[in-house]
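J.: Assemble chain B onto chain A, guided by the hints.
Going line by line, the protein sequences match chains A and B.
For the first sequence, counting from 1, position 35 maps to 219 in this note's numbering; every step adds exactly one.
For the second sequence, counting from 1, position 196 maps to 362 in this note's numbering; every step adds exactly one.
Simulated from the structure, these hints should not be mistaken for laboratory data.
These figures come from a predicted structure and were not determined experimentally.
Computed spacing ranges between beta-carbons, pair by pair:
#, chain 1, residue 1, chain 2, residue 2, range
1, A, I347, B, T323, 24 to 30 Å
2, A, E256, B, N186, 40 to 46 Å
3, B, A198, A, K486, 34 to 40 Å
4, B, S382, A, D368, 44 to 50 Å
5, B, P373, A, P351, 34 to 40 Å
6, A, G358, B, S181, 38 to 44 Å
7, A, K186, B, E217, 49 to 55 Å
8, A, G358, B, R339, 17 to 23 Å
9, A, A411, B, V405, 25 to 31 Å
10, A, E346, B, L340, 28 to 34 Å
Each residue gets a CB set at the ideal place from its N, CA and C atoms; glycine is no exception.
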Amino acid sequence: MKTLLICEYRQGKLLDVSYELLAFAERLGADKAMLLIGDESQAPKFGGKVYLADAGKYGEYNPDAHKQIVLEAARREQADLIVFVHSSYGWDLAPQVAASLRCAQVSEIVGVVESKFEVAACNAKLRRIATPKTPQAALTIQAGAFGYRGEAQGTPQIERIEIPAGPARIEFVGYEAAEKKELDLAKADVIVSAGRGVGKKDNVTAIAALAKALGGELGATRPVVDAGWVEHSHQVGSTGQVVSPKLYVACGVSGAIHHLAGMKNSEFIVAINKDKDAPIGEVADVLVVADVMQLVPALTAKLAK
Amino acid sequence: MKILVCIKQVPDMESRFKVNADGVWYDERDLAFRMNEYDEYAVEQAVRIKEQLGGAADITILSIGPARVVEAIKKGMAMGGDRGVHVKDDSLAQRDPWQLASTIAAFARSKNFDLIFTGMQSQDRGSTQVGAILAELLGYACATTLIGFELNGDVVTARRELEGGVKAIVRFRLPAVVTCQLGLNTPRYPTLPNIMKVRQKELLAFPVADFLTEESLTITEKMYLPEKKGRARVLEGDVSQLADQLLAILKEKTTVLR
Chain A
185 MKTLLICEYR
195 QGKLLDVSYE
205 LLAFAERLGA
215 DKAMLLIGDE
225 SQAPKFGGKV
235 YLADAGKYGE
245 YNPDAHKQIV
255 LEAARREQAD
265 LIVFVHSSYG
275 WDLAPQVAAS
285 LRCAQVSEIV
295 GVVESKFEVA
305 ACNAKLRRIA
315 TPKTPQAALT
325 IQAGAFGYRG
335 EAQGTPQIER
345 IEIPAGPARI
355 EFVGYEAAEK
365 KELDLAKADV
375 IVSAGRGVGK
385 KDNVTAIAAL
395 AKALGGELGA
405 TRPVVDAGWV
415 EHSHQVGSTG
425 QVVSPKLYVA
435 CGVSGAIHHL
445 AGMKNSEFIV
455 AINKDKDAPI
465 GEVADVLVVA
475 DVMQLVPALT
485 AKLAK
Chain B
167 MKILVCIKQV
177 PDMESRFKVN
187 ADGVWYDERD
197 LAFRMNEYDE
207 YAVEQAVRIK
217 EQLGGAADIT
227 ILSIGPARVV
237 EAIKKGMAMG
247 GDRGVHVKDD
257 SLAQRDPWQL
267 ASTIAAFARS
277 KNFDLIFTGM
287 QSQDRGSTQV
297 GAILAELLGY
307 ACATTLIGFE
317 LNGDVVTARR
327 ELEGGVKAIV
337 RFRLPAVVTC
347 QLGLNTPRYP
357 TLPNIMKVRQ
367 KELLAFPVAD
377 FLTEESLTIT
387 EKMYLPEKKG
397 RARVLEGDVS
407 QLADQLLAIL
417 KEKTTVLR
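Chain A with its partners taken away, still in its complex shape (with noise of 0.2 Å):
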């Protein structure tokens, strides 16, 4: 079995999450290349074949070209699976390419059983195992479920491709900066936030209070802040701030893998929540099964006396 993996690199830089995709390849047992658009400097601490296309001819984010630079990697590697991290570049690129090649995709994989794909699925409340048809697969990992141990060391055996020019449809402008922080909640040593199960805006008082009982910051998932119940500034999470505060309470938060990301390395983990079953209890050292609207209040008041 012989894994292709699609490094990650963004601004100059081999991003770390690019490792995950070797530890998933070992994790299958599979032989392993990489592919880096990027430039040879920054090319994986990897002992083995790194194919390498020039992000300062091909750009670095450029889906026509990046769709034909992967193509004629596998095409060169034969690769049977050509794996890709699931974010925005892999949800981007993985399809395109599996439906250039017809070839079956299995997308936000968390686990290998018995050598077969493990898939999270409702907002990860269910698993399922996802298995392709076709002998060749586009694969996207779950960013963290493979989590890559031990030192990148090696020096890889680099190998060019170059492509001929071709049309570029998405024309890549350039990158907006993330939004200034007013508030670092990394620097919080409690952490109380808010999830959709708080149930309306208005309820978002009660958890910051509660949060400020317990002289720590309000946090919130990404679905409350999108729909405006709490600021931006406020996110836990893979899009919002990574945290590992003393305490963290979980609020009517049920525990998607985007929101977990954020939080999981917090030393220790109340989650409040009606489900029993919600994947937040995946990470929590409590979980107390109950009506936030009506344990929150409880605790704010036992805290002020």
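T.: Leaving out everything else, chain B in the frame of chain A:
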């Protein structure tokens, strides 16, 4: 401007899920279904374009699935869609993204849509594939994970959400398929008069066999609830007692109450 919005109907994600008798999908009984959240942003963006063009756009709302999905199509029409297309398929759960994209492509191919919107993923399957495969099959430009969208003539300037709060600005010409991320806009609630108007709008229905000729490329062998690792200590019971229990645990296990 001809616009197609592809939507899916999914269960409320706050539900408690059970696996069905075949063991390959969730049990649909006792679940409340609604429009896939990402698709609400897709419908909203299409309606905003029609408003921007002073009404010079025609919006088709398409969904594949059993009879229940008509509710989601009607919601899209009440939000401002001009026409509904129901591709009738009682075996939706067994279809893979390749089949769904092929079905939509077969419907859309001869109709020269300028813009096709869809959510960046469905909340139940979450494959993030259908939009991008559809673009590939139709030969359209494809821009994914959008949180900003501006149309000028036939040029779109869009913002893609990357990781860690970084965004990418991209520009492309129509025709294009775009996939919508949460936060792209603020989806409207259908008003009562607009809900009433849905009855006067066209709702077409086709059997899926009219468009689907492809076999699936992936198969779900099994669906199951995640294994409980049993890390969390579970507290249940009376609220006041729970609060006391929890505070006692926090005093013992953490330093934040000292």
